[in-house]
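Engineer: In order, the protein sequence lines correspond to chains A, B, C and D.
Per numbering that gives the first Met the number 0, the very first residue in the first sequence carries number 0; after that it's consecutive.
Per numbering that gives the first Met the number 0, the very first residue in the second sequence carries number 0; after that it's consecutive.
Per numbering that gives the first Met the number 0, the very first residue in the third sequence carries number 0; after that it's consecutive.
Per numbering that gives the first Met the number 0, the very first residue in the fourth sequence carries number 0; after that it's consecutive.
Read the hints as simulated data drawn from the structure, not as lab findings.
The beta carbon of each residue, even a glycine, is placed where N, CA and C say it ideally should be.
Heads up, a few of these hints could be off.
[To be verified] As a list, the in silico PhoX-like pairs of lysine-lysine whose alpha-carbon atoms are at most 20 angstroms apart: (1) A:Lys-89 / B:Lys-160; (2) D:Lys-386 / D:Lys-469; (3) B:Lys-84 / A:Lys-89; (4) B:Lys-160 / C:Lys-52.
[Stated by the list, open to error] Ranges between beta-carbon positions, derived for each pair: (5) B:Val-90 / A:Arg-85: 25 to 33 angstroms; (6) C:Gly-492 / D:Gly-204: 26 to 34 angstroms; (7) D:Leu-480 / C:Pro-450: 55 to 63 angstroms; (8) D:Leu-437 / C:Ala-357: 24 to 32 angstroms; (9) C:Pro-313 / B:Gly-135: 52 to 60 angstroms; (10) D:Ser-457 / C:Leu-445: 48 to 56 angstroms; (11) B:Ile-7 / C:Glu-30: 56 to 64 angstroms; (12) D:Trp-24 / C:Leu-445: 16 to 24 angstroms; (13) C:Ala-349 / B:Met-72: 34 to 42 angstroms.
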Amino acid sequence: MANDPKAYLVVSVLLFAIGMAGFLIRKNLLIVFLSVELMLNAGALAILVFARLYGDTDGHVFFFLILALAAAESAVGLSMVIALYRLRHKLDTDDLVELRG
Amino acid sequence: MHQVFFWIFASVAVGAGLLAITRKAALHCALSLVVSFVALAGLYFQLKAPFPGILQVMLYAGAIMVLVIFVIMFLNAPEEDPSEKISKPGVIASVFLLIPFAALLIGVILHSNLPVPAAVAPDFGTVASIGTRLFGTWTWVFEVLSLLLLAALVAAVLLAKKRLD
Amino acid sequence: MDLIYPYLALVVAASVILVAKFRTGPKGFAEAGPIAAVGAALAFGLCILQWGKAATPTTGFHGFLLIDRLGVLASALACLAGAVTAVLLPHHLQRAGKDRAEVYVLLLLVIAGMMAMVQTDHLVGAFVGLETLSVGLYALSAALRERRASVEAGLKYFLTGAFASGILVFGLALVYGAAGSFSLPVIEAKLVESSGLALAGILLLLVGFGFKLSAVPFHMWAPDVYEGAPTPITGFMSTAVKVVAATALLRVLDATPAFSGQIVEAVGWLAVLTVTVGNLSALAQHSVKRMLAYSSIGHAGYLFLAFAAFLATPDTAGFSAPLAAVMHYLIAYTITNLGAFAVLSALETADGRGLTFADLGGLKSRSPVLAFTLLIMMLSLASVPLTAGFLAKWNVFAVLVERARSSEGPFFWVLLVALILNSVIGLAYYLRVISAMYMRPAPEPLPATSPVSKVVMAVCILLVIAVIWLGAGPNVLGMGADGLFSIARAAAG
Amino acid sequence: MGTALSLIPLALLAGAALNGFFSLWSARGRSVSRTLVHVVACAAPLFAFAMAIQVWRGLGEAGGRITTQWFEWIAVGDLRIGLDLTADALTCVMLLVITGIGSLIHIYSTAYMHEEEGFARYFSALNLFTFFMTILVLGKNLAVLFVGWEGVGLCSYLLIGYWWKDSEKATAGMKAFVVNRVGDFGFLIALFLLWRTAGTLDFAGIQAYATSEAGRATLLGPSGILGASVATLIGLLLFWGATGKSAQIPLYVWLPDAMAGPTPVSALIHAATMVTAGVYMVARLNFLYALSPVAQGTIMVVAGVTSLFAGVMALAQTDIKKVLAYSTISQIGYMMLGVGTGYVAAGMFHVVTHAFFKAALFLGSGSVIHACHHEQDMRHMGGLRKKMPWTCAAMTLSAAAMAGVPPLSGFFSKDEILWRAFSHGTMAGKIGWLCGFLGALLTAFYMFRLIFMTFGGSYRGHAHPHEVPKPMWMTQGALALGAAIVGFLGVPHILGGHDIFGHYLAPIIPDFAQPHAAHGEHAIAVEWSLMAWSVVMGLAGISAAWWAYVKKPELPGRVTAKIPKLHALVRDKFRVDEAYTATVVRPTESLARQVVLRGVDQGLIEGIVNGLGSVARLLGRVLSFGQTGLLRGYVGIMILGALLLLLSVLG
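Sequences and hints are given; from them, build the entire structure.
Structural biologist: Given below as structure tokens:
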């Protein structure tokens, strides 16, 4: 690894923060959903960096698990989005305010 | 050379990531994210993790994101949707919360004593090594993971099937 | 192989339902509920059978599966909660006009995920278990997908939960970076001195688990989701999830003693915030279900108070009193809250409108058994003496007093005062339920409830007996007021 | 003997359970025989009374203490608390009062509640209450006492709210419960302090600790709070709890409202037994109070002021039960004053005599209310002497006993208290005595005001009063007879008596000594003159009442007209409720109370609901800050929390 591993980690933190920002600035459910993927990938990148540092394959296995998790979450999340769309024909998080107080 | 590729991949990943949450149309966002993920795959290759890199391109950018894009194209109404707008208070909150947050984490990382990168075995990051590990020592986690995927499958059926009852 | 019998019971039951559902097709499959209940009850029994052997922890699957008493106890509670939920669900779904066998499959898988989460000392093992239960619960919250509230609850839970998962993954990454392994024993051996990277990682893990435990300020989702989800599922979420999340968090905290001193105050303040916000908000609610949602946040706060004591207690050989207090509290709280939600779910009307306090009016004559059950459960939640809840809170109190006296500074006295004041506040809103049932006239017109099945009644009565016996009963067959403590103590050993 | 001890509470519990079952039965629409319910309800306390007598008689040969262990109840670390019962002389006194007078009140209730619906539920709660009361006095340790303490509170709450259709009554129950919780708060802290200090909650253990050298040193040592010693701190916190249960200043406010319950309930709970729980507790822990003159002094002053203050408020009430309610507060003040002096036999004696005459008065007032068709205002009574001769006789006798007319019981018990307070040798003792002494005048006045307004003159109401059924007048007669003669148990030495009661309790009082020994012969002279003075005050009060309400009935009206403001102030109970609203209720209690109230009904406690409603709404707003349903807000708060967490720990 020619670069300082810390540089990779900084990239990972930046992606993580961008993912979080997506939650704060967007109302579209699907884009919020994309932000989750961004956050997960940030974590995955950090793990791969550390796996490289320690020469440890466990990190790679965990990456595989994150991938599977992302797939599972997208399946559930998208079907919920569809269920909502059937009811409301809207994909706006600001519309999810029936429960509050 | 390595250095140059790192900067290219890193800036593309971050830049496309930023676009992914700021573009107006959901479809554009998703496509930006795919770009970001491909750039990330490049970083993974640099980290001597070829198999995760391939998975990233094939499964993440390829399969999962395609699913998302499908849904976006199915559901998104063609006309301008107010939900596409960016929330101003959200931007302000992001600036005030996330810049310190990121700075804090970056500070922690920069001040940490990371180990010197270990010399790695030649099969590090290959399908064989990961597969052996996953189906060798990590069988239990793999079993639980299969429950997770089954649960996701059943959940998708429960939620999205049109005529269930 | 015998280590995974409880899992087998759950998975086999789930498979049976799935296959049978395929065969019956759109006609529906009415036996799904009973099968799921039997499966969960069987898993509960198998966990109990493991108790004796688990005195000496055994591992399987290359060390990924760990059978110790802490994990067995938490698993048993999760199975118990699941079995009760499976009994309550058919009534609830039928009233909504739905017959959804998939719900039971998910429930069983969620329980299996919960067990996997606590029966391991590997962070990734716990994480995958956590995600299994999360994914299942997102869908269960939205199970009544024709109801806007249910779908909204599911989506809110999903989005905030995915956010918390992201934080958890990043925290795992940082801890991995500091220790070079995901295995808790290795982490404990490696992280002998504090490092910023590991500390940040542990804090992010705390946020992730705090989310599942609905600790303030990571609790915002909880009232909405609890209100919108089908009531039996809410009962399940507010009990089983807390049990396993608390147990897993305890394992993490236990493996990082080098950081205890640094995070104890933060955890303590989280606890104070959680009890106060939970209890005060509960005061202001109109809906009983939402009130119970806030009450469960308050109870998470009591758990966090015990966590603070746990962190401040020097690591010694033998059992840890705060850990025992947490487990004791979880047992009592699980049984009590399940009882409360059982009554709530039995009383709900077909339109899914939330129950208000007025709807409870005159319940004592409309349904004496349900009223009495709710009375006992409210007393136990308010930790009135002679109930299980009293002993549990007494235990938390005792460990805090112990800490307050042996530590420098007033910090634990502050926690103690928070505990006492909030217990007094708590009484006010639990009493409100009792007064509605026993003092107020029935609402006009009477809400249209459907008749409650005998099985649900029997479950209510059993839970009442359990609450009283665990709070005041003699130690028979290892259970009872004293037995409960020895169980918690053994689990903490 | 241990069996008899266990049977006392168990019999009552069985009665409660049986009647509870009947109640459920009848709620299902099935008919339940009234006679059966009555037999069960009365048999339980009567049987308990028989067992109590047996325990009392067996006490001597058992060495003054009978103990029985049920099972280990709490085992938390080094703290092991058994559900154990014990009886000594003090317990026996309480037991006999609770079960004896309790039995009579149960019998009275069978007639009084004759027309009511849900009588099985009523008797179930009444039995349960008696059960908890016996647990309270039988507890071998403070934890068991606390179980009884909470239990009686709960039953009181159920019984006050017995007529739950009447929202005001339901609220009164709630008020009693909430005010008591405020007291319990202090009690619980004291409990934990005591446990941490002495390492045990057993009375015997605490006593052994308090008398050991090391324990004494710790208890007398500084507690670190406002310079008080540990014993003072614990003592004051316990007394805080006692003010709640025993209706002393400042937590007395619930008792007058609690009179909303059925009258026999008032007689049993709010006169004879539960309200004396605080007195019993202080007496039980007298060895602890002996170590803290500050706590003792506080008790004497608070108790003395309470007795005077409540007496003044009783003066201006027109509701017959309210008069009795305030008089109860005042009399408990005397009891507290008695136990506060350290010579607990004085206070306990008043507990006994008061149980008789106050129960008789309450039952009598119940009979009057019953006869006048639920009229409680004395201005619409009068002339009942001829219509209800038995009730009149019983009430007059009891009132005389309470007013301290010799040789009725109240004379001996009150006199003993005042004398002990006077000769306590402290400023607090003197203040307590002065208040109590002035209170004696008031007692006599307001009691006979009640008697004259109710039974004297001619009838001013519209009902057709008649004598009450036999079980009712006979029980109140029995109690009045008791009120007349029970005083002879405590005839002091200077009157040629032997103070049987005092000697009976001697084993539980560490320094049982007559002040004569300390003060010499002139103390006897003091005792004589105090006694005479009290008698004069009592008679003066009675005469004043006679003069004002019989001789010149127009006088009170003239006085009222002359000093309207003062009278209004007194009638409005010194506006204490209002003051509470402004000071205590709002900041502390309001949260709890308001929601309780809102849950029960709107607009129940006069004038405060609106104010408190907005407080709770405001609070709800503040706390649901951000609970807007908006996902972005939720995530934002999570991020903020995570950021603060990281900053606080890493920073």
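Engineer: For every hint, state whether the structure bears it out.
Structural biologist: The hints, checked one at a time:
no.: 1; hint: A:Lys-89 / B:Lys-160; in the structure: holds (19 angstroms)
no.: 2; hint: D:Lys-386 / D:Lys-469; in the structure: holds (15 angstroms)
no.: 3; hint: B:Lys-84 / A:Lys-89; in the structure: holds (14 angstroms)
no.: 4; hint: B:Lys-160 / C:Lys-52; in the structure: violated (45 angstroms)
no.: 5; hint: B:Val-90 / A:Arg-85: 25 to 33 angstroms; in the structure: holds (31 angstroms)
no.: 6; hint: C:Gly-492 / D:Gly-204: 26 to 34 angstroms; in the structure: holds (29 angstroms)
no.: 7; hint: D:Leu-480 / C:Pro-450: 55 to 63 angstroms; in the structure: holds (56 angstroms)
no.: 8; hint: D:Leu-437 / C:Ala-357: 24 to 32 angstroms; in the structure: violated (50 angstroms)
no.: 9; hint: C:Pro-313 / B:Gly-135: 52 to 60 angstroms; in the structure: violated (39 angstroms)
no.: 10; hint: D:Ser-457 / C:Leu-445: 48 to 56 angstroms; in the structure: holds (51 angstroms)
no.: 11; hint: B:Ile-7 / C:Glu-30: 56 to 64 angstroms; in the structure: holds (60 angstroms)
no.: 12; hint: D:Trp-24 / C:Leu-445: 16 to 24 angstroms; in the structure: holds (22 angstroms)
no.: 13; hint: C:Ala-349 / B:Met-72: 34 to 42 angstroms; in the structure: holds (38 angstroms)
Figure legend: structure checked against the earlier numbered hints; hints not met, in rising order: 4, 8, 9.
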